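Peer 1: Generate the whole structure from the sequences, applying the supplied hints.
Going down the list, the sequences are from chains A and B. Every letter in the first sequence is one number past the one before it in this note's numbering, and letter 270, counting from 1, is 260. Every letter in the second sequence is one number past the one before it in this note's numbering, and letter 205, counting from 1, is 193.
Calculated from the structure, these hints are not laboratory results. Incorrect hints may have been included.
[Unchecked claim] Chain B regions said to be covered by chain A (calculated; three or more residues, Cβ under 8 Å):
no., segment
1, 72 to 82
2, 195 to 207
3, 213 to 227
[Said to hold, decoys possible] Within a straight-line C-alpha distance of at most 25 Å, the following computed PhoX-like cross-link-like pairs (lysine-lysine) qualify:
no., chain 1, residue 1, chain 2, residue 2
4, A, Lys24, B, Lys99
5, A, Lys274, B, Lys84
6, A, Lys16, B, Lys99
7, B, Lys182, A, Lys16
8, B, Lys84, A, Lys185
9, A, Lys99, A, Lys4
10, B, Lys37, A, Lys274
11, B, Lys17, A, Lys274
12, A, Lys185, B, Lys125
Predicted model only: the values in this text are computed from it and were never measured. Every residue, glycine too, gets a C-beta built ideally from N, C-alpha and C.
The lines below spell out each chain.
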Amino acid sequence: MLLNKDQLINWLNKLMQAYQVFVPVKEGDYFCFKQINSGDQVILYYTNSKVPPKEVLFPRSEKLFYYRCENDGVQLTEQIDESKKIIVGLRPCDAKSLLLLDSVFSSDKYQDPYYLTRRNNTVLVGLGCNQPAATCFCTSLGGGPFATEGLDLLLVDIGDRYVVEVLTERGRELLSGMELPAADQEAQEAARVVKEGASLSSQVNLEGLKSKLDVNFYDPIWDMIHEKCLGCAACTYTCPTCHCFDIVDEAAGNEGCRIRNWDACMFPLFTLHGSGHNPRPTGKERFRQRVMHKFKYFVDNFNAIACVGCGRCIINCPVNLDIREVLAEIQGSEVRSDKQ
Amino acid sequence: MRELTKAIQETAQKLLQDKEVELVVGFAKGSLPLRNTPCFIRQPEEAQKLVWGYGCENNLATYLRQRPEKLAVVAKGCDSRSIIELIKENQINREKLVIIGIPCQGMIDRKKVTRLLAGRELLKAEVKDGQVVLMGKGFSETVPCEQLLHDTCLTCQHPNPVLFDIMLGEPVPVKEADSFADLANFEAKAPAEKRAYLIQELSRCIRCYACRQACPMCFCEECFADCSMPQWLSKSSLNVQDNVFFQAVRVLHLAGRCVDCGACDRACPMGIDLRTLTHKMVRDVQELFGYTAGVSLEERAPLAAPVSSSTLNHF
Ligand code: SF4
Ligand code: SF4
Ligand code: SF4
Ligand code: SF4
Ligand code: SF4
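Peer 2: Given below as structure tokens:
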């Protein structure tokens, strides 16, 4: 189907009647996904957002329930966000990251009602990447600038119009009443040219990486690789697949609220036990955990790598610790048996 | 630049070969255009990885605290000033540290580059004769370096290392300009406007603590922001007031210790203006206590020195 660019704003305004609409908007020098109240706030010429749109479904800080202690017990009021949402303009890598988050929040052992309710109520309209960033390496992870996995609709920018690829029934419903023309041959050809022109300059080699990680837990490589790391959460908080959290109570007097906040394996506090013992006492163990979690443990648990190649950790690291170089170093290390 | 790179490599190689140090902390070529990255060299033959350029923006003093080994560090003006404060705070053993001083020409601010390119992707950059050539798909733009330097560098009064054992290169001229001129705007605001500005900036804070981690002077065993018993600061980022509170305490905690290196500001992934706060605090300390951090090994820091009645009169 074909959507004229000047129809886009009207379309968003129309969607707003039934959904909370989240789109990339400019904040400071960067782009972030925010709920808008008018279609003209959207910006679809960004390369990638600073913080991934995962925060719409898995907020940085989320109130789980309120409580009030009374004479005869505790009163709880649960907060589950049941509003219908739509994210328009998210990148294919970010859509894929949500499929990875799904495996974490929805398993045989546990179903997370907060995430899953939002997730089931959210429709995803992707935007293909005509000009991938220099740090993008999604193709190495099975994605691509026009990959459709996880999306309901994909917009392909062909200049003054979008070719809209309908991927699911939910996606089709979003267009109902719009009476969009089908993409003619000229538009299809334009879309093909745009797709072929979107080349990625960056790649990582993942071949055999997992088998190395399986045995190199005690490898001396970890002594060096993390050395410049500052132990902040710039990489993890801006990663679309990172999902660690901490739960705290914020209370005053006899009432309060339980809140789930993003947390990060790069912080020493993350694993500090009540006893004072810390199983990941230094930056070395913490950095190893970040790499292992993404490229080994997640694979062991869910049969997928927990990285979609969006490159945010590369752009945002204050000391330019580049995950592509880390993986290359691990690749280049000797295979040795795992012993202390 | 090329001569400085060579001089750094030779110096590092010699120090390691002669076993004067076990480790050299410096910069290597980064993985992104205009970017260098901290690096740790232990073998003489690896010294050739070291480089110098407009992308050596990190403050390497961060890596020097409580090190057991004898080591050398490549230090520009602000790094050397942080080292002075860290020595005074017993975080660095002067006897075990060799400071390789480098006169600094200023560092390029990647945020300014991003702003200038307005959405175009930087794929390659070259710096020559005070000009930066920015290149990408279908464009090439030449800009004077001066236009792209960090604000901290533009007002820096100590580009030449204050403390060093070996000095490489020629000293660079110090700028005459009023180093606090950039604060005039902020200072002229009414308190409510100042507050509104900080709230607007810090509404973007994601509490990643990169600002804290990048600062060489943030080294408390337990940060107040992490304390849970008692809890000083809400752990959630729901309330912007708490983000402001975090920065206010962070910055006040650095009063008389902050050397205005800008490492915190550079580290912030959200591009939040932290420098207005840090710079304002530097100015206040100068006005109230007549103290400039990191310029003397002897002078006692204001909060470690006896308070005079004239200082108290200010409050
Ligand atoms: S690890 Fe880095 S590149 Fe991979 S998904 Fe996370 S932020 Fe993106
Ligand atoms: S990683 Fe791929 S999908 Fe993601 S923004 Fe870059 S090109 Fe697009
Ligand atoms: S962003 Fe960089 S410095 Fe910060 S924790 Fe991640 S790798 Fe380390
Ligand atoms: S507060 Fe910022 S400017 Fe001051 S010393 Fe720390 S990192 Fe440098
Ligand atoms: S680095 Fe920026 S985003 Fe991170 S905690 Fe500091 S001010 Fe907030």
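Peer 1: Work down the list of hints and note, for each, if the structure agrees.
Peer 2: Each hint, compared with the structure:
Residue count for the segment 72 to 82 of chain B with a Cβ under 8 Å from a Cβ of chain A: 0. That is fewer than the three needed, and the coverage hint is violated. Given a C-beta distance limit of less than 8 Å, the hint that chain A covers the segment 195 to 207 of chain B holds, as 7 residues qualify and 3 suffice. Judged by the Cβ-Cβ criterion of 8 Å, the segment 213 to 227 of chain B is covered by chain A as claimed, because 7 of its residues qualify and three suffice. As the CA atoms of A/Lys24 and B/Lys99 are separated by approximately 22 Å, the hinted pair is consistent with the 25 Å bound.
Note on A/Lys274 and B/Lys84: the hinted pairing holds, with a Cα-Cα distance of about 24 Å set against a maximum of 25 Å. With a CA separation close to 15 Å, the supplied pair A/Lys16 and B/Lys99 stays within the 25 Å bound. With a CA separation close to 23 Å, the supplied pair B/Lys182 and A/Lys16 stays within the 25 Å bound. Restraint check: the Cα-Cα separation between B/Lys84 and A/Lys185 comes to about 57 Å, which exceeds 25 Å; the hinted pair is violated.
Between A/Lys99 and A/Lys4 the CA atoms are separated by roughly 39 Å; this puts the pair beyond 25 Å, and the hint is violated. Taken as a hint, the B/Lys37 and A/Lys274 pair is honoured in the structure, with Cα atoms around 22 Å apart against an allowance of 25 Å. Proposed proximity of B/Lys17 and A/Lys274 is supported: the alpha carbons are some 22 Å apart, at most 25 Å. Taken as a hint, the A/Lys185 and B/Lys125 pair is honoured in the structure, with Cα atoms around 16 Å apart against an allowance of 25 Å.
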